[in-house]
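J.: Could you put together the complete structure from these sequences and hints?
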Amino acid sequence: MPIYAQNVLGLRCPVCLAREIDVVLYVDGEEYYCIKCGYTGTEAETREAYKPIRGKFKLLRTRVKSG
Amino acid sequence: MIVNILHRPVPEHYEFFRMQQEWAENLGLKTTVMATYPSLQKPEIIEYLKDWIGRGGELGIYFTELRCPEFMEKTGLEMDAVWLYATDEKRRIFELVVGEFREHFGRDPDALAGYHLDAVSLGILKELCPAVDIAVVGCFEEGVRVFHGCNHSWYLFNEGMPWNPWYPAKDNALRPAANEEDALGIVAVPHLSRDMVLAYEGRDDFWASHPGDVMRGMGYEGEECPYNLNLVDQYLAQEKYNGGFSYYNVFVGPGWITHNMNIDDPPEVAQKLHREQYEYFAELRSQGRLTDMTLTEFAKWFREHRPIEMPEVFLASDILYGSKKKYFWYKDTDMRVLVDMAQGGSIGDLRAYNARVAAFTGSDSPNLDIGIYPYLIQSQHRTGVANHAFDGARTTLEVTHGEETLDLCACRLLDADLAQNEDGYHLQVPPARLRFSDGLEVTIETGYDFLPGGRVEVTRKLAEVSRKDARVTLREYVKGSYGWTEYPEDMHGIVLRVSGESEESLTYDYRTRIIRTEAATEVAAVVPQIETELRLSSLDGPADLGEAREGHLFSPFYTLTMEKTLGAGESLKTCLSMHRTS
Ligand SMILES: [Zn+2]
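Sequence order for the protein chains is W and F.
Per this note's numbering, the very first residue in the first sequence carries number 1; after that it's consecutive.
Per this note's numbering, the very first residue in the second sequence carries number 1001; after that it's consecutive.
What the hints contain is simulated information worked out from the structure, not anything from laboratory work.
Beta carbons: idealized from backbone N, C-alpha and C, even for Gly.
Incorrect hints may appear among the rest.
Label-pair restraints from in silico Cβ distances [stated by the list, open to error]:
1) W:38 x F:1464: 50 to 56 Å
2) W:38 x F:1364: 41 to 47 Å
3) F:1022 x W:45: 37 to 43 Å
T.: Here it is in structure tokens:
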């Protein structure tokens, strides 16, 4: 079993994710941290940091007509 | 549109496999079940599968998820990625799995699947199960981006393959066979239908007919994901350009509708979005717009309706960012071409299938893990239009007036007009307007004709010039390379040549040399590493000047150009063609 499965909730690093890289965060007490970059944050901060990732998708809520 | 739904049982997520099956069954959608080796070790799952085939269900084998104690004990192997084993190991694995399958069910599998089944794997499997006529063979444009995105730990390199079902060649499963004799004797389908914009610009495993992937890419919000349905519609729209044919498949492992480390929301959301996709299929079917088939039904249909040589196209629009970008994809037995409208209608990806580059994957292959069909142009991995330093692999039109040269790639065009005639497909790019610093304005109209034999005819019409008597120089510009990944390969030995009033050639040595001829008829690059020649020929008489340029180590490319000085209403016509050298 991968080591991170013991101590994480299934949150990915928002900084790495913005670069299209999946990195599951580790947690140390209340603080989540990224192994691959300098990101740290609480769960709430991390979820907040996902907003701009979705924000770049201007058609996120739109049913698009094709053809 | 034809839809294939595939499900695979895996012991640790068995209840979620059953959930997927139940959703489809409740909607009356046909599925094909692909047994995994670990699932064949579980009596409960075998019972279900026996009942499934007893009810007329279709049952195949999925060869990617292999690992379980029984597999490791019997083979001494631990890798799931079946395409990466040596030939003898592949044979051992296939004999083991097919053998146990036969013991349990008393018959051969109906279909085969893996993330990738390379030519060697398919060859062995056809020998073991000659009646099988369909397999899931590869992941469209999976490679460099996914390798990065998965922390450089996902060794699946399938770029350069067809996006839709094809007849794989004997010596390279990801290359469409040239003819019956060249064909391996099986119908290949891709693993998932991918977003034809975002699988080129980004990760194919974020943007696909896989609701879990889309969640991984954050292409949903709360419990809503219009993107999943928009992608279905995008594929549906391709019927218009392909004689009524359009294909979509879904093959999602049950691990994506339970707790998954790449999904940041509860499983119930993943389940809802996955189910909604199936509900949409059922809705489209009730409108008569969708036909659900099993894999073997599809293989039969495909052989009856889609001859080997039939070209295929995809006009892709961005359905997520709202960029209005459009890409046009063309594929036949000789080539795969991508035209990028947002760069003035330039070629962003080019593969010469008619060079018939052979490849298989595995530890005994010279290619090792690289199943990719090599490119001549890949503008995403290999620079494309200049950003930092020099430009890279791409095509464009340069327009010169006085001392000033403008590049058509800077014209953001947002539409494309596609027509099919008896010769092939014609793509008309909207007019591009260029303005020089002295106020002269010109309009260029670009047309592409995609023809059999690996030929693309490019017409650049100087449709309008703001000063009646002004003449400008149009230069068709092709900057090529060759390679498989984002890193440059050794260019030594590539031969550049020009033909026209004079004949000249040079052998690539990174010395920035230029050869040119007036009254040019042809300029070419012969790339022995992939047995491919890329040729730019002048049509409608010789061009004023033809040139071939060598690059250097900070710009490891070759450039082929053909130019003519023209007035309003005149055209520069060239043919970009690909050939096998040996
Ligand atoms: Zn990070």
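J.: Run every hint past the structure and note whether it holds.
T.: So, going through the hints one by one against the coordinates:
Against the hinted window of 50 to 56 Å, the Cβ-Cβ separation of residue 38 of chain W and residue 1464 of chain F comes to about 54 Å, which satisfies the hint. At about 42 Å, the beta-carbon gap between residue 38 of chain W and residue 1364 of chain F stays in the expected band of 41 to 47 Å. With their beta carbons about 39 Å apart, residue 1022 of chain F and residue 45 of chain W fall inside the hinted range of 37 to 43 Å.
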